[in-house]
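Engineer: Spelled out from the first residue to the last, the chains are:
Protein chains: 2
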Amino acid sequence: MDAAPILANVRRLIDLQPDEEQAFLALLQPRQARRKALLLEAGGTCTESLFVVEGCLRSFTVDADGAEHVLSFAPPGWWMADLYSLVSGRAALLNIQALEDTQMWVLSRPDQETLFAQVPKFERFFRILVERSLVSYQQRLLDQTTLPAEERYQKFCSYYPSLVHTLPQKQIASFIGVTPEFFSKMRSALLRRD
Amino acid sequence: MDAAPILANVRRLIDLQPDEEQAFLALLQPRQARRKALLLEAGGTCTESLFVVEGCLRSFTVDADGAEHVLSFAPPGWWMADLYSLVSGRAALLNIQALEDTQMWVLSRPDQETLFAQVPKFERFFRILVERSLVSYQQRLLDQTTLPAEERYQKFCSYYPSLVHTLPQKQIASFIGVTPEFFSKMRSALLRRD
DNA sequence: CGCGACGTTGATTTGCCTCAACGATTGTGG
DNA sequence: CCACAATCGTTGAGGCAAATCAACGTCGCG
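So the protein sequences, as listed, match chains E and W.
Numbering-wise (my numbering), the first sequence opens with residue 1 and increments by one.
Numbering-wise (my numbering), the second sequence opens with residue 1 and increments by one.
Mixed in with the good hints there might be a few duds.
Identical copies go unnamed one by one, so any copy, or any two together, can satisfy a pair.
Below, simulated SDA-like cross-link-like pairs (lysine to any residue); rule was C-alpha separation at most 25 Å, straight line [to be verified]:
1) Lys121 <-> Ser108
2) Lys121 <-> Gly89
3) Lys170 <-> Arg11
4) Lys155 <-> Glu181
5) Lys155 <-> Ala189
6) Lys36 <-> Glu113
7) Lys155 <-> Val87
8) Lys185 <-> Glu131
9) Lys155 <-> Phe60
Derived by calculation from the structure, the hints in this document are not laboratory data.
All values derive from a computational prediction rather than experimental measurement.
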């Protein structure tokens, strides 16, 4: 499988010497999942981080009524894991599922620790990665109480332009925090207005 | 000012040798702020991280209508910054304000970089700190769309037991994402029920 | 073909907001 | 030390954004 996307992803934040690059690649495992395959089930343990090369993943919870709530999407170039379970070793709160046939690189937690020991720069890489992710979740939390659904949808469109037309509307509705019915009405009202 | 709380905070995640401890402490500046003092204003630049020793801080945004929305509180033992501005150098989205007379340790961004160079372990420390923070924001985002206000309030009570009775209800209402009026009604309905 | 997932539309309900009025407490300047 | 303003919490009436429930059309697929 193609290692270029994940190397490009890492190089955006840290410089890599050829030997460091080799050490990194040696710890990665390729994986593919078919559409709808469940890669992590809530209640299980998350032991690895996934980097999407092609396809798309989603993470979501299932509430007491059995309803699903999407937390995040991972199109190509994005990382995904249940961070809570990954760092604590406790039962995962999230499910992770492939929305399309998906190709990934997998970095297991033990291999990640090995990587930190061999190439300490990666501590920095993941710190910055998590920092950026934190900033975006803070903003989403504020948006959730500050903005009406329509503006959250527009933000989604500008943030994930590639997903707007490829994902089922149901998934997008759940991501921005509304029901599929309301999402449909909101969208047709939007189209009618321009 | 007392360095014990911040050393204890760091030691929960990494081991420190005496010389590393000294290098760390040498980079910290003490600061105090009076109740209501603004430590960071949206639009300005956040250039430092704050560690609260005594008192309490809050971060919040002001929306187009002039309404405030609390993102987070920092009671003793917590860190606070506008991470977006801190890491990007761009205009801050958040305001940071003292809710009481507050004593803090301040670590400026340049000093933090110095610290990373002198004691690389601190990359690890802040990575773990940010990881934990990220996990809690992910959960809050899900809670915001999954749980009714009443359950979000109960979660708040168990998460910040020390703040429940010391903070103005207005601030707590804003944190969980409801108006003060609704919060008041919700709370009296809760009390009436047990 | 027939079934299941998806999207649409309408009628009704509800959780929470807005606006307004009113005590109680705090704090501040004269 | 008092008077007054400001802030805070409470309560009520009415309104709105979004949820719920239900019915229906469409598509892709076994």
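Engineer: Indicate, hint by hint, whether the structure satisfies it.
Structural biologist: Hint check results:
1. Both within a single protomer and between protomers do Lys121 and Ser108 lie at most 25 Å apart by alpha-carbon distance, with minima of 18 Å and 22 Å respectively.
2. Proximity of Lys121 and Gly89 under a CA criterion of 25 Å is satisfied in both settings, with 24 Å inside one chain copy and 22 Å between copies.
3. Proximity of Lys170 and Arg11 under a CA criterion of 25 Å is satisfied in neither setting, with 35 Å inside one chain copy and 45 Å between copies.
4. Proximity of Lys155 to Glu181 under the C-alpha cut-off of 25 Å is restricted to the intra-copy arrangement: shortest distance 20 Å within a copy versus 29 Å between copies.
5. Proximity of Lys155 and Ala189 under a CA criterion of 25 Å is satisfied intra-copy only: 17 Å inside one chain copy versus 36 Å between copies.
6. Proximity of Lys36 to Glu113 under the C-alpha cut-off of 25 Å is found in neither arrangement, the shortest distances being 30 Å within a copy and 43 Å between copies.
7. For a Cα distance limit of 25 Å, the shortest separation of Lys155 from Val87 across copies, 22 Å, qualifies, whereas the shortest one inside one copy, 30 Å, does not.
8. For a Cα distance limit of 25 Å, the shortest separation of Lys185 from Glu131 qualifies neither inside one copy, at 36 Å, nor across copies, at 37 Å.
9. For the homomeric pair Lys155 and Phe60, the shortest alpha-carbon distances inside one copy (20 Å) and between copies (20 Å) are both at most 25 Å.
Consistency note: the structure conflicts with the earlier hints numbered 3, 6, 8.
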